[in-house]
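K.L.:
Spelled out, the chains give:
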Amino acid sequence: MAGISAPPVTPAVGTLLPLIGKSDTKPTWCPGCGDFSVVAAVEMALKRLKIPSHQTVIVSGIGCSSNLPHFLSSYGFHGIHGRALPIAEGIRWANHGLTIIATGGDGDGFGIGAGHFVHTMRRNVDLTYVTMDNQIYGLTTGQASPTSMMGHKTKSTPEGVIENPIHPLALALASGATYIARAFSGDVKQMADLIAGGIQHKGFAFIDALSPCVTYNKINTFDWFRQRVYKLENSGHDPSDIGQAWLRAIEWGEKIPTGLIYKVDKPTYEDLEEVLSAGPLALQSAGLKGRESLLDEFI
Amino acid sequence: MGEISVRAGGAAGDGIASVGETLSKSLSRMGLNVFGLNAYQSVIRGGHVWFQARASPSPVHSQGDACDVLYAMNKETADVHLPSLSRGGTVVFDPEKFDIPTSSLPAGTKALPVPTLAIARKYTSQSILQNAGGLGATAFLSGIPLDVLQATLTDSFGKKKGDVVDWNLGAAADGYAHAQANASVNDHAISKAGAPKLLMTGNAAIALGAAAAGCKFIAAYPMTPASTIMHWLAAHSRDLGIVVKQAEDELAAINMAIGASFGGVRSMTSTSGGGFCLMVEALGMAGMAEIPLVVVESQRAGPSTGLPTKTEQGDLNLMLGAGQSEFPRAILAPANCVEAYRATIRAFQLAEDWQTPILLASDLHLSENYMTVDRSDIDLAVDIPSLYTLQPNGHEYKRYQYTQSGVSPRSLPGQAGLQWIAGSDEHDEKGHLISDVKSGIPVWVAERARMMQKRMGKLEGLAGATEPPVLEGPAEAPLTFVAWGSTAGAVRDAMLLLAAKGVATNLLHVRTVYPLHAEVVDAALGHAKSTLLVEANYSGQLGRLIRAETGRAFPHKLLKYDGEPFYPHEIVAKAVEVLGHGRN
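Residue numbers (the numbering used here), protein chains in the order written: chain A, 1 to 299; chain B, 1 to 584.
Hints were generated in silico from the structure; no laboratory data involved.
Quick caveat: nothing in here was measured; it's all calculated off a predicted structure.
No residue lacks a Cβ here, since even glycine has one placed at the ideal position from N, Cα and C.
Worth double-checking, as some hints may not be accurate.
Unchecked claim - Pair ranges (Cβ atoms, derived): (1) B:Val503 <-> A:Ser285: 28 to 36 Å; (2) B:Glu396 <-> A:Asp241: 47 to 55 Å; (3) A:Ala114 <-> B:Ala573: 48 to 56 Å; (4) A:Ala114 <-> B:Gly46: 50 to 58 Å; (5) A:Ala114 <-> B:Gly321: 27 to 35 Å.
Claimed, not checked - Under the rule of at most 30 Å between Cα atoms (straight-line distance), these lysine-lysine pairs were calculated in the BS3-like manner: (6) B:Lys75 <-> A:Lys22; (7) A:Lys231 <-> A:Lys189; (8) A:Lys26 <-> B:Lys398.
Claimed, not checked - Counterexamples of contact, computed for chain A against chain B with all Cβ distances above 10 Å: (9) Gln143; (10) Ile250; (11) Val264.
Okay, chain A solo, but in the shape it has when bound (with noise of 0.2 Å):
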């Protein structure tokens, strides 16, 4: 992916730009989280496309998972809770040379935030979504989310849960993203390569990774999540065939699709934003100078 280096700091000819790293904050979540694996697949995918570390920007809500950019030694915002995304879109249209990655977890994504989650896949958006979804707030210490299953108790249903779950593939299906797959933190080279594929993917991408969480969260857990997962790439699944994607889309209960599941390439906003196409909003020349005329049209 082209980056456009922000003048005036451009690099010596020949200086070899950092690529990502670890930060000098140390992860915070509880020993086993599965998010563990997803900040290290994030990583691993943007080296591999050797993406410098100045021109990413990796934007994330609240929540336990949304703590992600701290780790990491891109650029970062650690935004409010539900609002990654438009946080990110604007960083986006401000300037489309940066590789924008947002994060954050399923409360986040498909509860507070999932007007925001409709809104920029319809628009198509080239952002790289990834959430690490765990089905449970964990950081509030385990109410249920948004995918929380039918019938799990928590300490805000100690009856059980008694609403369906949102199915955030067929949501992002039905939503127009052009990058749909699930991810599972058992699986950390599937991972990377579904994040990597999302960021090379031009539009939005979106990575449900299934991130268990060992704390709050003891029925849907690795060894859950292991008995059930299998990979699409194995099974013949065709990700460009929109009947075949619904049907994973929504497979869930004793198997449980990861994978690719629909890619399909369409115009994306960028692309259609006219002002856009004269390069980076943030490098283009700024106020009305010498636009005289412009007043005319109030006399």
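Position chain B against the provided structure of chain A, taking the given hints into account.
P.N.:
Same frame as chain A, now just chain B:
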């Protein structure tokens, strides 16, 4: 030559806004100062709407009080507005639609029947053309030359040519000729006073100011009376290279604007009170993460959905307190288009200089009404410095480095070696969280306090960088008005009316509501012989702020919260009453 007020009224859908705009523009092209009041309702069809264009060679600061020429497109308009027709005034109506009995005319006024529908039928079966005939007659009575009216009409059709333009020009000429043959011009009729002026709404002035200030991105969600800021920028988006994003809601709008600012462009959002309520959490994030942001809050009458098309200054408490805990902000409150243009530019500069959200307080009265502006008052040549100012210097980059001013060096994504994490959590100088594992540990407890002091310390700088209140009018006067925002307009007109009666007054115009500049306010009020607080809200919110910061109370208040703008005569009456009470 004095001033004239021309009023037109009808039902929503009758085209009153275009009639009003055409009249206002014709008057402004004659070199007159104009204030155009667009009074409408939250319906697309039906309901009563009206427009008043007030024009004078001298400055006009409000819609004024009475009207001299009234164009009544329906009976309701005649019923509602005839009492406002001044002595010597004329009402234009079409007897084919309804009648105005002579007995219903106020003393000293006349009715001029004009066959607007019959004129329209000469050209087309579309009855909307009646407006052109009515406009022609109204223009004659007001002193607007036919060629000026026709040129304005032609331009209002833009690039459109052909029958519809010709019909309008013909009908306007017919209406003009009819009035010429059957009536004489109004005693207040005006004539050309100089070079054409610019005519714009407050929202156009704000949008223009944003573009001039180097704004490259606006995200907004439609809400009256703020929407036309987005409309103007959208119409000029490609030409000016400004990305205009209609967001899915106000939550997204402000977060997009914050993201864009972090990403390296000057950005803004605009909304009214209800939408601003949704933005409040993110406003605090901009304060916490120290991200420049301009938010226009164009108030309308509330609470809740309130009166969507009516004006109020009821959101001051909200703007002052928006967001949990405390972070630095400024609230600028322009009173008219020139002030709005300049305040918008200042808002962008302040946001950038102080890396914090700046609120621009408008209201429906300023945002949607028309005012003339001298071309020389609009300086487009604003310097737009690059935002990529920082260079790596070999030391570890600290985005939130402690400084005297509270402002720390800011890098932008894409700059090598200067990465940082913008955080809504409390953080240290490097941007690292101190909100979880470190919180409560003594060294980090002190760090939190210090970081809070760093941010809040910017308020001192903001106070120095914002416009203090200004005393308008004579330094010595028996009465000092205190007002902010668009209300200052009607007060300025009231001061002129009072001066004409031999009563000197002055106005403490609070241009920056926050930081308040309490010492300046205190000194001015200490010097005042008596005061009258004029605000368009129920409780006198500025008065409460002033009392909180200076201890000075306002025994006399003129507060209006019926959704209507202040009329100068109301302020004059209250001032006379207060002065009758003697010194307070």
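K.L.:
It remains to establish, for every hint, whether it holds in the given structure.
P.N.:
We went through each hint and held it up to the structure:
The hinted range of 28 to 36 Å is not satisfied by Val503 (chain B) and Ser285 (chain A), whose Cβ atoms lie roughly 52 Å apart. Judged by the Cβ atoms, the range 47 to 55 Å given for Glu396 (chain B) and Asp241 (chain A) holds: they are separated by roughly 51 Å. Against the hinted window of 48 to 56 Å, the Cβ-Cβ separation of Ala114 (chain A) and Ala573 (chain B) comes to about 54 Å, which satisfies the hint. Take Ala114 (chain A) and Gly46 (chain B): their Cβ atoms lie about 37 Å apart, and the range 50 to 58 Å is violated.
Evaluation of the 27 to 35 Å hint for Ala114 (chain A) and Gly321 (chain B) yields a pass: the beta carbon distance comes to about 29 Å. For the given pair, Lys75 (chain B) sits about 75 Å from Lys22 (chain A) by alpha-carbon distance, which is inconsistent with the 30 Å threshold. For the hint pairing Lys231 (chain A) with Lys189 (chain A), the CA-to-CA distance comes to about 12 Å; that is within 30 Å, so the pair holds. Distance hint between Lys26 (chain A) and Lys398 (chain B) is fulfilled; the C-alpha atoms sit about 18 Å from each other, no more than 30 Å.
With a least beta-carbon separation of about 19 Å from chain B, Gln143 (chain A) lies farther than 10 Å from that chain, consistent with its non-interface assignment. Residue-level check passed: Ile250 (chain A) sits 25 Å from the nearest beta carbon of chain B, beyond 10 Å. Non-interface call for Val264 (chain A) relative to chain B: holds, since the shortest CB-CB distance, roughly 22 Å, exceeds 10 Å.
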